[in-house]
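A.B. asks: Using the sequences and the hints given, assemble the complete structure.
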Amino acid sequence: MIDTYSRHRPLALLAIVVVAQVMLLAFQIKGEHDVRLIRYWAVALVTPLERAGTWSFSKVGGAWGGYVGLRNARAENERMHIELDQLRLRNRELESQAAEAQRLSTVLNFRNAHPEASMLAAQVIGSSADPTSHTLFINRGEHDRLRMNMGVVTPDGIVGKIVEVLPNTAQVLLINDKDSGVGALFSATRTHGVVRGSGDPEPRMEYVVNDEKVQTGDAIATSGEDRIFPKDFPIGTVESAKPGNPFQVIRVQPSARLDRLEEVLVLLSQQEVVFKKPEAPATAAAATAAPAVEAMHGATPAKAAPANSSAAPQ
Amino acid sequence: MAYMLNVGERSDPNVEVHKFYGGAVLAVCLLALVFQAFLHKYGRWSELIDLPLLVTIYFGVSRRNPVTGLFLGGTIGILQDALSHDNPIGMYGIAKTIIGYLASSIGGRIDTEHPLSRFALVFFFFHFHQIILAITQRVLLNHSAPLFTLRLLLDSLVTAAFAVPLFALLDRLRRPS
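Residue numbers (our numbering), protein chains in the order written: chain U, 1 to 314; chain W, 1 to 177.
Some clues are possibly wrong.
[Unchecked claim] If you want the footprint, here are the derived chain W segments under chain U, 3+ residues with CB under 8 Å:
{"no.": "1", "segment": "63 to 75"}
{"no.": "2", "segment": "159 to 168"}
[Said to hold, decoys possible] Example chain U residues on the side facing chain W (calculated, C-beta under 7 Å, incomplete):
{"no.": "3", "residue": "Pro10"}
{"no.": "4", "residue": "Leu14"}
{"no.": "5", "residue": "Gln21"}
{"no.": "6", "residue": "Val46"}
Quick caveat, the hints were computed from the structure, so don't treat them as lab data. Each residue gets a CB set at the ideal place from its N, CA and C atoms; glycine is no exception.
C.D. replies: Next up, the structure:
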């Protein structure tokens, strides 16, 4: 009997528990009573945990949202920094190209303004490593029909002459080099002299007697006597003049910016050039920049007039 | 409740009974109830899974003590009723009491460690639990609760699939024998 009870005790317990719950249900349904105490305990037990869960979820969610937002902001910041750097680089490239186009248009306008002269545009590709020597290298050479002692100019004024010709490059001696000398004259008085380099950035005009009235700002041009530069090409202006023995000491401010040359023109002949300052309309610059570049990088020297070029001495 | 879990008839000495760290059963049951109530706020997907049922089945088949199983199931069910606001106390209580008892009884007879058997066991108990609920509602509450629907089938499959990794996780709470 005891053994039977022991064997069926779980089943009996199950029946008791189930019946108890059925009675509880019936009590709630028939009497429409609510078992508030059980509900109260259950809620009291679970609510603190739910509150803690909600708090943790909101904190973790907030922290996660902040972290993700921060990561996104950082990634966006890095992306924008990269973009900004790229745009700055691009801007510098465009500025450089615009400046080059401006310079080329000036050179081209000058060349167009002097169709009688045979000229070749060239780019400055380097300068002398010797600080006392004022020379530079251009990207034209023997293959471009360049020869020794050809004049090199810019639309602003003369630059120097070619002293060394290699197959694809040439060395230009600037007018402020101490070995340089250019036949010159004052544009107003037509008084002759020689502009020589002194090793300083400014060359000097020599052989001008003390009696000659020279004022600061007086224009100095080529005399053509050196058979390198055509007559009346601008050299520069008088920066200062003082009496000397036996001649005046006249410092010349070169018209060409010798310290920042990038494009120059090589005079392929000593054809007379009536110097005219080029007009540089902004609209013409863009339209003419492309041929100028072509002329700059191409190997064929530009000749304005066939008749002139055939007569031009090399 | 911890006291209740330790009373009752001892299991068959030939059947392997898993013991758990102190408080683990209580904590897991409580967490299951809290999660079931808590996750309900974050989407209807939580309705697919009956966490208290899974906990009842797991501890039933692990401890393999019918008395402990029926009391554990009954307690979980009554608490679930109490938290559901509109259910009369005892509806889930009756269903989970029976499930706890059956799970404990079956746990000693079949392999309940293999994932496939766990899947099948949960699938079976889910529908059995639903049948008990439906009968209770029809007989005692005069509600027309369905015995089987496609939605219930989907729920049972999701719950059974969820049970496999959950049971593997709960296995870590076992005390080494």
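A.B. asks: Taking the hints in turn, state whether each one holds.
C.D. replies: Consistency of the hints with the structure:
1. A count of 5 residues in the segment 63 to 75 of chain W with a Cβ less than 8 Å from any Cβ of chain U is obtained; the coverage claim is therefore met, three being the minimum.
2. Counting residues of the segment 159 to 168 of chain W whose CB falls under 8 Å from any CB of chain U gives 0; the rule of at least 3 is not met.
3. With 7 Å as the threshold, the beta carbon of Pro10 of chain U comes within range of chain W, its nearest partner Cβ sitting at about 4 Å, so the hint holds.
4. At a threshold of 7 Å, the smallest CB-CB gap from Leu14 of chain U to chain W is about 5 Å, leaving the interface hint in force.
5. Annotation: Gln21 of chain U was flagged as interfacial toward chain W, and the flag holds, the nearest CB pair being 4 Å apart, inside 7 Å.
6. With a least beta-carbon distance of about 6 Å to chain W, the hint placing Val46 of chain U at the interface is held under the 7 Å criterion.
In the structure shown, a violation is registered for the earlier hint numbered 2 alone.
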